[in-house]
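The primary structure of each chain is shown beneath.
Number of protein chains: 2
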Amino acid sequence: MSGPLLAVDAGGTSTRAVVLDADGTCRGTGRAGSGNPTSSGAATALASMARAARDALAAAAVAPGRVTGVVIAMAGAEGPLPSPALAAAVGYTGPAARLRRVGDLPAMYSSGTADAVGAALVCGTGSVAGRVADGELVRVVGGSGWLLGDAGSGYWTGLQVVRAVVAHLDGSGEATSLTAAVLAAEGVAAGDATRHGRPEHLHQLLDALYAAPPLALARFSPLAFAAAAGPAPDPVAARVVAQGGDALAALLRALRLQPGETLVAGGSTWRHGVAGSGAPRSPALTAALAGLRVQPAEDGLLGAAVLALRLDGPVDAVVHERVRSSLARLRGG
Amino acid sequence: MSGPLLAVDAGGTSTRAVVLDADGTCRGTGRAGSGNPTSSGAATALASMARAARDALAAAAVAPGRVTGVVIAMAGAEGPLPSPALAAAVGYTGPAARLRRVGDLPAMYSSGTADAVGAALVCGTGSVAGRVADGELVRVVGGSGWLLGDAGSGYWTGLQVVRAVVAHLDGSGEATSLTAAVLAAEGVAAGDATRHGRPEHLHQLLDALYAAPPLALARFSPLAFAAAAGPAPDPVAARVVAQGGDALAALLRALRLQPGETLVAGGSTWRHGVAGSGAPRSPALTAALAGLRVQPAEDGLLGAAVLALRLDGPVDAVVHERVRSSLARLRGG
Chain A
12 MSGPLLAVDA
22 GGTSTRAVVL
32 DADGTCRGTG
42 RAGSGNPTSS
52 GAATALASMA
62 RAARDALAAA
72 AVAPGRVTGV
82 VIAMAGAEGP
92 LPSPALAAAV
102 GYTGPAARLR
112 RVGDLPAMYS
122 SGTADAVGAA
132 LVCGTGSVAG
142 RVADGELVRV
152 VGGSGWLLGD
162 AGSGYWTGLQ
172 VVRAVVAHLD
182 GSGEATSLTA
192 AVLAAEGVAA
202 GDATRHGRPE
212 HLHQLLDALY
222 AAPPLALARF
232 SPLAFAAAAG
242 PAPDPVAARV
252 VAQGGDALAA
262 LLRALRLQPG
272 ETLVAGGSTW
282 RHGVAGSGAP
292 RSPALTAALA
302 GLRVQPAEDG
312 LLGAAVLALR
322 LDGPVDAVVH
332 ERVRSSLARL
342 RGG
Chain B
12 MSGPLLAVDA
22 GGTSTRAVVL
32 DADGTCRGTG
42 RAGSGNPTSS
52 GAATALASMA
62 RAARDALAAA
72 AVAPGRVTGV
82 VIAMAGAEGP
92 LPSPALAAAV
102 GYTGPAARLR
112 RVGDLPAMYS
122 SGTADAVGAA
132 LVCGTGSVAG
142 RVADGELVRV
152 VGGSGWLLGD
162 AGSGYWTGLQ
172 VVRAVVAHLD
182 GSGEATSLTA
192 AVLAAEGVAA
202 GDATRHGRPE
212 HLHQLLDALY
222 AAPPLALARF
232 SPLAFAAAAG
242 PAPDPVAARV
252 VAQGGDALAA
262 LLRALRLQPG
272 ETLVAGGSTW
282 RHGVAGSGAP
292 RSPALTAALA
302 GLRVQPAEDG
312 LLGAAVLALR
322 LDGPVDAVVH
332 ERVRSSLARL
342 RGG
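In the order they appear, the protein sequences are chains A and B.
Start counting the first sequence at 12; every next residue gets the next number (the numbering used here).
Start counting the second sequence at 12; every next residue gets the next number (the numbering used here).
Check before you lean on any hint, since a few could be wrong.
Derived coverage of chain B by chain A (criterion: at least 3 residues anywhere in the stretch with Cβ under 8 Å from a Cβ of chain A; other residues may be distant) [said to hold, decoys possible]:
1. 155-161
2. 218-225
Label-pair restraints from in silico Cβ distances [to be verified]:
3. B/324 to A/196: 46 to 54 Å
4. A/196 to B/342: 43 to 51 Å
5. B/204 to A/301: 33 to 41 Å
6. A/267 to B/270: 52 to 60 Å
7. A/34 to B/204: 35 to 43 Å
8. B/297 to A/267: 36 to 44 Å
Now the stretches of chain B that chain A is said to cover, found in silico as 3 or more residues with beta-carbon under 8 Å [as the list claims (entries may be wrong)]:
9. 168-174
10. 182-196
11. 201-210
12. 259-273
For the record, the hints were derived by calculation from the structure and aren't laboratory data.
Positions of the beta carbon are idealized from the N, C-alpha and C atoms, including for glycine.
Could you put together the complete structure from these sequences and hints?
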């Protein structure tokens, strides 16, 4: 049995790390900001991973040099960051073969089940679905990034929110309650002043929105789910949420899942929006989920830990539960 | 009567310049690449304006120091480039008050009519509509940029094309003839190889598409109009074109134009796509145009020249026609 293992789940919003024993008992966790090199740049991503790993190692009272294996989960695991840079960031000095990079989808999948084979849907800042076998992606649908894919994701939903608000403010779109919410969130006061033929507050809003990177628009997605829920949903918000659900349904349909199959579903937009907001679910998404065993997962950290254990051998349901419960205790405390 | 005037129309795809006499006779033109600081950066935009202006001055045999007034038309005329930098770029050394920046919309408007007041629609890389009076925007709809607006534009249409192609290739979207066209345009060969759960050619396509700035996706918009035209239109392309037309109709409806009003319509996507491709026009757009006097315009260069003449006084229909015909002769030659 090997020594302690380190698992890192580097997401677009936050980066999480856990140090666990070889029997699956989680000993310490750490947390930092965005670990996604695409949205935040390589330097920020590496710094987030470094900080989350350092805090997890400190909490577990494990010296970095004692770590015998590392799994780093992130969107686009084949991406731009070289493995030696990842090893250096998390302080790993062991053999290169025991640092494994995995995608966010396999990590999320293994967060939800000990089964080696199945399907997962990650709907966070981005959206992707796929079939997974032994931590590898067999088939991927979606996950083509903010510009070319990711429909139904937090980014996509936030983008539709601000596009609807801009159209409302310039008169080309329907009025929506999202407008007041977005203006308030950006600290822009509505008024009667105009400049260059447009409301002054529209200028200010556009300046504020273009000042941040596009992916930061994901911050507005909770507004859509909130406005689409309740007894008097905002029609514009309801349409955005319904179209997002339709897009997620298209991802699932493309995987051709069979009745009774397990689908691990997670990501912040799934948990707090699609599944957890009370906003009505699109009929297409309800149909695509029908008959599946839908298993929720909080994020990919548990799965990254499970995949780290797999560096040493198979992980059964008992060990999976040990990882899950010990991690939950650490996170709850 | 003043000396020679310089007009520059800085667009997302190309930058055009003309030198004209104070009576409206155009003497020389120049042309360069993108002059849009938002899409191409300030340095590239200034270099394009410099080159177009230099060539126009050389063609007219006018020394830069003799120019008595300059109009520079560009999207977002209130944008980031300081006027002294613009003056330096085009070699203008006269009084600051005689260098005027105008939006792409007033320039396009004045390309189509000598009337001081009316409406215009510019549908090129971006899309914007507005009411114009004396070269100033009175009311603007759209034009909120690639991320937050510009529906129906060349960028937007190209984006829908590649999003549909990516969805086709990963199985979440409908099959479309646009896929073969986009793969061919990017030099990507379709094959059976897969990597990380996706077709190898999808990886290659995504890499190619993300390597260029988002606005460069406008290059794919002609594919949509071509595939939507003819006796057997591609359903996906037809839907993209119809939705784009609906978006342009929403801009026009927001302006509340009256029957008989003049609408100057131009921009590359309008000329070669919406109006000139043979693809069916969306019913909403047909309805929005009904009863208007639609006046086509090639680009904003003629209008920028007219607005340069206005530095010296009113421009009537006779002078407008002199600018138009002399510019057309230069461009035809």
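Status of the hints after comparison with the structure:
| no. | hint | verdict |
| --- | --- | --- |
| 1 | 155-161 | holds (count 5) |
| 2 | 218-225 | holds (count 3) |
| 3 | B/324 to A/196: 46 to 54 Å | 48 Å, holds |
| 4 | A/196 to B/342: 43 to 51 Å | 48 Å, holds |
| 5 | B/204 to A/301: 33 to 41 Å | 34 Å, holds |
| 6 | A/267 to B/270: 52 to 60 Å | 54 Å, holds |
| 7 | A/34 to B/204: 35 to 43 Å | 40 Å, holds |
| 8 | B/297 to A/267: 36 to 44 Å | 41 Å, holds |
| 9 | 168-174 | holds (count 3) |
| 10 | 182-196 | holds (count 3) |
| 11 | 201-210 | holds (count 4) |
| 12 | 259-273 | holds (count 4) |
In terms of the numbered hints stated before, the structure departs from none.
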